[in-house]
Amino acid sequence: MNIVISRLAQAVTVALLVGAATFAMMRSLPGDAAWRIAAGRYGYDNVDAAAAEAVRAELGLGGHWFPAFLSWMGDLLRLDFGRSLVSGQPVIDEIAHQLGASLWLALAAVGLSLVIGPPLGILAGLRPGSLFDRALLVISAAFKAVPQFLMALILILVLSVQMGWLPAAGYGQPRHFILPALALALGLAAVNARIARDAMASVAAQPFYAFAEWKGLSRAQVLWRHGLRNVSVPLLTYLGLQFVLLVEGVVVIESNVGWPGIGHALVHAVFARDVPMVQGTALMLGLGFVLVNALIDLLAARIDPRGAR
Amino acid sequence: MTLLSADDITIRDGATRLLAPVSLEVSPGEPLVILGETGSGKSLLAQAMMGTLPEGLRVGGTVTIGAQHLRAEDRAAFKGLWGRQIAVLPQEPWLSLDPLMRAGPQVAEAHRLVRDLPAQAAREQAMSDLAALGLEHAFRHYPHELSGGMAQRVAIAAARAGGAPIVIADEPTKGLDAARRDDVAALLLVALAESGGLVVITHDLALARQIGGRLIVLRAGKVVETGATAQVLADPQAAYTRALIAADPETWPRRTAQQPAGAPVVEARDLTLSRGGQRLVRGVSLSLHAGQILGVTGPSGCGKSSLGDALLGLLPPQAGEVRRASDLAPTALQKLWQDPVAAFPRTRSLGQTLGDVAHLHKAPKGRIDALLARLRLAPELLRRRPAAVSGGELQRLALLRAMLARPRFLFADEPTSRLDPITQAEIIGFLAELADEDGMAIALVSHDPVLIDRTADQICRLDRSVSETGTPQQVDLRHATA
Amino acid sequence: MTTTTLSRPWPSGRIIGAAILTLIAAFAILGPVIVPGSPFAQSLMKSLAGPEPAAPFGYDHLGRSLYHRLVHALRLSPLIALAAVATAGAAGLVLGTLAALRGGWVERVLVVLADALLALPGLLMVLIVLAIMPGTALGFWAGLSLVLWVEFFRLTRATARATLAGPAVQAARLLGFGWPYVFRTHLWPEVAPLMLTAAAFGTATAIMGIAALGFVSVGMRAPTPELGLMMVELLPYWREAPMALLTPVLATFALLLGLTLLAGGHRT
Amino acid sequence: MPLSQNVFAAALVGLCLAFPAVAQTRIDVAAPFEIQSPEPSTTGHIFLRMGIVETLVDADPEGRLLPALATEWSASEDGLTWRFTLRDGVMFHDDTPMTPDAVVNALEIARAKPGPLAGLPIAAITSEEGAIVITLTEPRAALPAFLAEARGQILAPAAYGVDGQAVAVIGTGPYRLTELAPPLSLRATAFEGYWGDAPHAADVSYTAVSRAETRALMAESGDADFVFNLDPATVTRLSRSDAVSVHSVAIPRALLLKVNAAHPLLDSAEARRALSLAIDRAGLAQAVLRYPEGADQLFPPAMGDWHDATLPPLSYDPEAARALLGELGWTPGADGILTRDGARFALTLTTYPDRPELPLVAAVLEQQFREVGVDLTINSTNSSEIPAGHQAGTLELGLLARNFALVPDPIGTILSDYAPVGDWGAMGWENAEIVALAQALARGEGSTEDRARITAILQAELPVIPIAWYQQTLAARAGLDGVVIDPWERSFGLPGLRLAP
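Protein chains in written order, with my numbering: chain D, 1 to 309; chain E, 1001 to 1482; chain B, 2001 to 2268; chain S, 3001 to 3501.
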């Protein structure tokens, strides 16, 4: 119950923050908003005074900021995100259109990172201080230090241009997934591995872990029955926090490889000053975080009944 | 017949010898108690017999378990014996149960995986094990839903499910109050009766007395004395054993009661306290005069610390009132904590911390040195960090720090519960001295009713339902141990 | 500060990290002293030419010295990042301590605000602030500060809550010490190492963010020498001049690796 | 946890197995333009290029107008009444016939929106039997060319919503839209009811890839068959590849410096000429654009009569530039920047990164101007800052790429940019002669000499300073035959493309 209330408060605050920030963005567009929007809508070859005038007339820009702010927030609370300034389509439709692509990419990336990171981390955590553990530390630090856009760049150069194994960009077929998902997953896995390693090392150092062995269980039995379950809780919680990292990665990578997702839309919306789209996508990402973490809270509470006070 | 024997066990850490050659035997029906203080090597000895010594330590000697002869250094060879030949009882049962698994399966998995019972049979066996310990309802509980005593029983059932004939218990009463200690002793004796072999490693004289059998007294890695437990405790030969027994509160003389003189330093009327929404103390009245020691006792969680904090003014009472003498400076109320390490700033040297206090209270030069001498502390200690000083020394330094503020009331919250008996006797001795010589009023909290009985001028016994105050003669302390 | 700092030796990873960062800083500060030159001066004839004494790393597509562009890039984003981390760290420290000390609605409001910011991707906030603020560097500073303070706040608040509730602080209060003393001797020594870790991570995050936005062409603008921008500018020429592209790539990697190692441990 | 790992792994593998790469029967196009919506005023050019929609008039690479949906057209004596005969038997993709009323409806909606049609002096558009009639208030000889522009595309009445915004793309082209997924992709398939020849390739797809490097990579890796608008830098690289063939053609687009001629530093033709002399066009073109040469006059050779090969070229001579500025009273200050009466010769150059070469050219210009003592501050921002700055009079210098052939007859752009001023053309500079000449040309009265005269005036007065002429480059997969680049940027030529077996 507590979880639900605190996550609800978080969701409302996220909405208010996004609303206020995007309103400020709308109001403070350098230069004239109508011009900006016209440029986004008609392209640089065709933006001229007539186009800007058409936009100004259509959107009714101007007026005092306070009533505008109230009506802006009012629309937001009624979940009316308005229409994209650029395409004229309802923002909600555009997002619905793009969310799927991003969701699949994010899921593939998280899935891949979970296949790579935690098993290595658990192996290292079982033998803290070993050569393998130290090697993993170095490797994960190195991978963590590679920004996702750089990872994508390297993968494109190596896997798709040099080797010709994977398409450099595109969307629609499973083979298009591998490169962007891998670019995201390697960074996530580097961190996952560290979290799993630390969790495993700390679980293995707990009295109950040794006690399980003293009961006569084999190492593998102890790991399977007592290790993994205990490691999964911090890992799961961290995955929730990692969501933000993932979203940032999705934003950058989507722009890199031309992925028709919400992150790509966001960058373009920011660039074209399409504020309703910025608001809609930002809200979707923020609320997505809250939702994912609420689900993880509930899942973690199921696995670890101590948390549910 | 011998169930377990260890021959010439030695343990070294590089060039340092941690354990001189020790040999011992465990026979069916005759428990073996290894008694010693922290750092005596008793736990290392136990670990050597179980094959759980850290890799960094060199171990020599042989261990014979049943028909198997093992070289102590061959740690891996012991693994196969766990659960099957040796059952190990953990120190802290709460921490020894997997927090994310229900109690029943933690017992059943040993039946299934160690004794190869089918899943259903293992579950039924676990159920009957728990039922035998009076825990039939706990099968589906998670460890955090169990009390400490229940967790201990579950742990014992889980440890013994593999059917090992030898039970090794390492400090099974660490941190337990007297009532729980007696429970554990009884459980161990039941285990002895069923399994045959029992080794108990402890620093607790009372537990040793209850277990009986044979006794090995260890000090600084050497055997000081061996013999039948009852005989050694009744007629100790070695000086160290005598000191150990003398430090047992049971053997202390009762304090000569101080008559109240003048106005009370601290006074409580109909005090009701609650913390975190839970009512802890109800309707306590007491008054404490200069030079008096108030003993506060009761089971854990009964509000002993809260009472002290209320007297100090750190916890506002829910009802009733606390009155302090009107001429009392705010800093004349001081406190000692159970864990002295946590009571000092971690990253500063003790000398800096004490210097700051002396400076704040404008203590004359040499005051710290004088107090160091009085508390028999070496001045070199001041150069160290809190974590680099032994618990007994640090508790005395905490006392020193409190004294720099010239307190007239001191609240000592379980100041000796983590200390060895000899150190405990020393600290309590200092507290009594402060009351007598400096006229300090002291509230001393302990879970050990015997200690309170011997030390206090008046006693406040708290329980979840009742509380009574009075002189040691008036308050029935046995009630607290029942 | 009269407290002795932690004398525990640093783990080797941290030392290596600090060494890498020292080298990079020395390069960024002393680079133009060793080989004088300008990051903007062009000589179109030398487009993508190889190294020579006046340009030890060769030339970019406009014939600008990569050495000098790198020197300036290695000043720009670290400076913005450090400024943002300093602002965020100070704000986080003050607000975190305040929340732990005051509790009540002050704490609740701050926590809810921090939680909400935590839910929003940092790059998004930076993008929005960039759109609002005039000037890219200023926008980055403001946006990154806004994103980064949360981490410092959470760390400080958690540590302060634990520390303030502990016996050591209770003892200090009973002994009559004031809050400044408690902060100096109890809180700061506990918070400082965590702050160092968070600051290293925060700096890395900020540098990564500036580079990532530069790379997708919504960050620093040409012709400013910035790591991400240099990469995207040189990317089309990577087959002709792979070393030219590798120069900012390796520099970015070294910078971030140094910071990651310096941070030690990981964010939780 | 391990369970979910397995599920993920299985899902990933399963996905890969379930959709093997499809055998190639489709031409995949990659270009930088993003799809916004079915609306012609914003996205119409993509539908036109893809052969999904058509206009009344078409144009060949030389700019000669060809019949399309209109088979022929004629103007009345006074040039005010134009009659366009419509092609018979044209069906929209929804299988309704293209009637004159439908055409009038489409054109009326188009000219109510911003675009070239909106600027025409149209009095009325009416329908006749098998034709439409456009009545003008003043003669406009280039009217048919205006109707070749993408925004004059003819959609079925059902394509428009009540507010005139297009809600669907129902055109008449050889390809019928089957899937529209803004912002990045669309698919189309051959339209069986097409009036002309059936296209060779049955299916086409379009992917918007805004990054030039990524487009080049897609061309190299074979992810796209037809990659439009290559980054100058990648042209060299791609031309060495066997997998693709690179095609390029000069197009009527120029990279130029828009000058605020009302600005005190720039109000004399000498000052503007000095700036022009400071620009090393050849070096710039080779290093940044990878073209062999720069622009020595405003209009590129691709613009026929507008280009005058006999005109003395703009040259690079920093010495002369310094001398010219010296004559205007400018003397170098301590930092090398010119000063006059205490004022520094410092200007702000506004440009936009939408075309990636612009900020680079700006960076080069900054250096080259510094050589002659002119201090340039670069403001790389939104493209709208240039027309907005023009309107507000605050723009100093603008670096931009101007398309002279939004309409296949450059007179449209000349009129809007130089007769007398325009958002993307002259600023603070008015020349009555050019206005008169351009208006005459628009009415259809001018001659080749008049065009050369306009070019000569612009060359002498330099209201904008030409820097380079663009080339359009694209990469086609090896084996893709029939590639033709349309310099007017109207068509990808997909129906004529043949997939090698």
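Simulated from the structure, these hints should not be mistaken for laboratory data.
Fair warning: there could be bad hints in the mix.
Below, simulated SDA-like cross-link-like pairs (lysine to any residue); rule was C-alpha separation at most 20 Å, straight line [stated by the list, open to error]: (1) E:K1174 <-> E:I1245; (2) E:K1079 <-> D:G43; (3) S:K3113 <-> S:D3101; (4) E:K1362 <-> B:F2177; (5) B:K2046 <-> S:G3196; (6) S:K3113 <-> S:A3202; (7) S:K3113 <-> D:A50; (8) S:K3113 <-> S:I3125; (9) E:K1362 <-> D:Q206; (10) B:K2046 <-> S:V3167; (11) E:K1174 <-> E:S1043; (12) E:K1174 <-> D:Q206; (13) E:K1222 <-> E:E1092; (14) E:K1222 <-> E:A1239; (15) E:K1079 <-> E:M1101; (16) E:K1079 <-> D:A50; (17) E:K1362 <-> B:K2046; (18) E:K1174 <-> D:S218; (19) E:K1362 <-> B:Y2181; (20) S:K3113 <-> D:D80.
These figures come from a predicted structure and were not determined experimentally.
Evaluation of the provided hints:
Note on K1174 of chain E and I1245 of chain E: the hinted pairing holds, with a Cα-Cα distance of about 18 Å set against a maximum of 20 Å. The straight-line distance between the Cα atoms of K1079 of chain E and G43 of chain D is roughly 74 Å, outside the 20 Å bound, and the hint therefore fails. For the given pair, K3113 of chain S sits about 19 Å from D3101 of chain S by alpha-carbon distance, which is consistent with the 20 Å threshold. Among the hinted pairs, K1362 of chain E with F2177 of chain B is consistent with the structure: their alpha-carbon atoms are about 13 Å apart, no more than 20 Å.
Between K2046 of chain B and G3196 of chain S the CA atoms are separated by roughly 53 Å; this puts the pair beyond 20 Å, and the hint is violated. Of the pairs offered as hints, the one joining K3113 of chain S and A3202 of chain S is violated, with about 34 Å between alpha carbons and a cut-off of 20 Å exceeded. Between K3113 of chain S and A50 of chain D the CA atoms are separated by roughly 9 Å; this keeps the pair inside 20 Å, and the hint holds. The hinted pair formed by K3113 of chain S and I3125 of chain S meets the criterion: a straight-line CA distance of about 15 Å does not exceed 20 Å.
For a cut-off of 20 Å, the pair hint linking K1362 of chain E to Q206 of chain D is broken: about 47 Å separates their Cα positions. At roughly 53 Å between alpha-carbon atoms, K2046 of chain B and V3167 of chain S are farther apart than 20 Å, so this suggested pair is violated. Taking the CA atoms of K1174 of chain E and S1043 of chain E, the gap is near 13 Å; set against the 20 Å cutoff, the hint holds. The straight-line distance between the Cα atoms of K1174 of chain E and Q206 of chain D is roughly 17 Å, inside the 20 Å bound, and the hint therefore holds.
Distance hint between K1222 of chain E and E1092 of chain E is unfulfilled; the C-alpha atoms sit about 26 Å from each other, more than 20 Å. Restraint check for K1222 of chain E and A1239 of chain E: the C-alpha separation of about 14 Å stays at or below 20 Å, so the hint holds. Restraint check for K1079 of chain E and M1101 of chain E: not satisfied, since their Cα atoms lie roughly 23 Å apart, outside the 20 Å limit. Simply put, K1079 of chain E and A50 of chain D have alpha-carbon atoms about 85 Å apart, too far for the 20 Å limit, and the pair is violated.
At most 20 Å may separate the alpha-carbon atoms for a hinted pair to count; K1362 of chain E and K2046 of chain B exceed this at roughly 75 Å. With a C-alpha separation of about 28 Å, the suggested pair K1174 of chain E and S218 of chain D falls outside the 20 Å cut-off, and the hint is violated. The hinted pair formed by K1362 of chain E and Y2181 of chain B meets the criterion: a straight-line CA distance of about 16 Å does not exceed 20 Å. Distance hint between K3113 of chain S and D80 of chain D is unfulfilled; the C-alpha atoms sit about 27 Å from each other, more than 20 Å.
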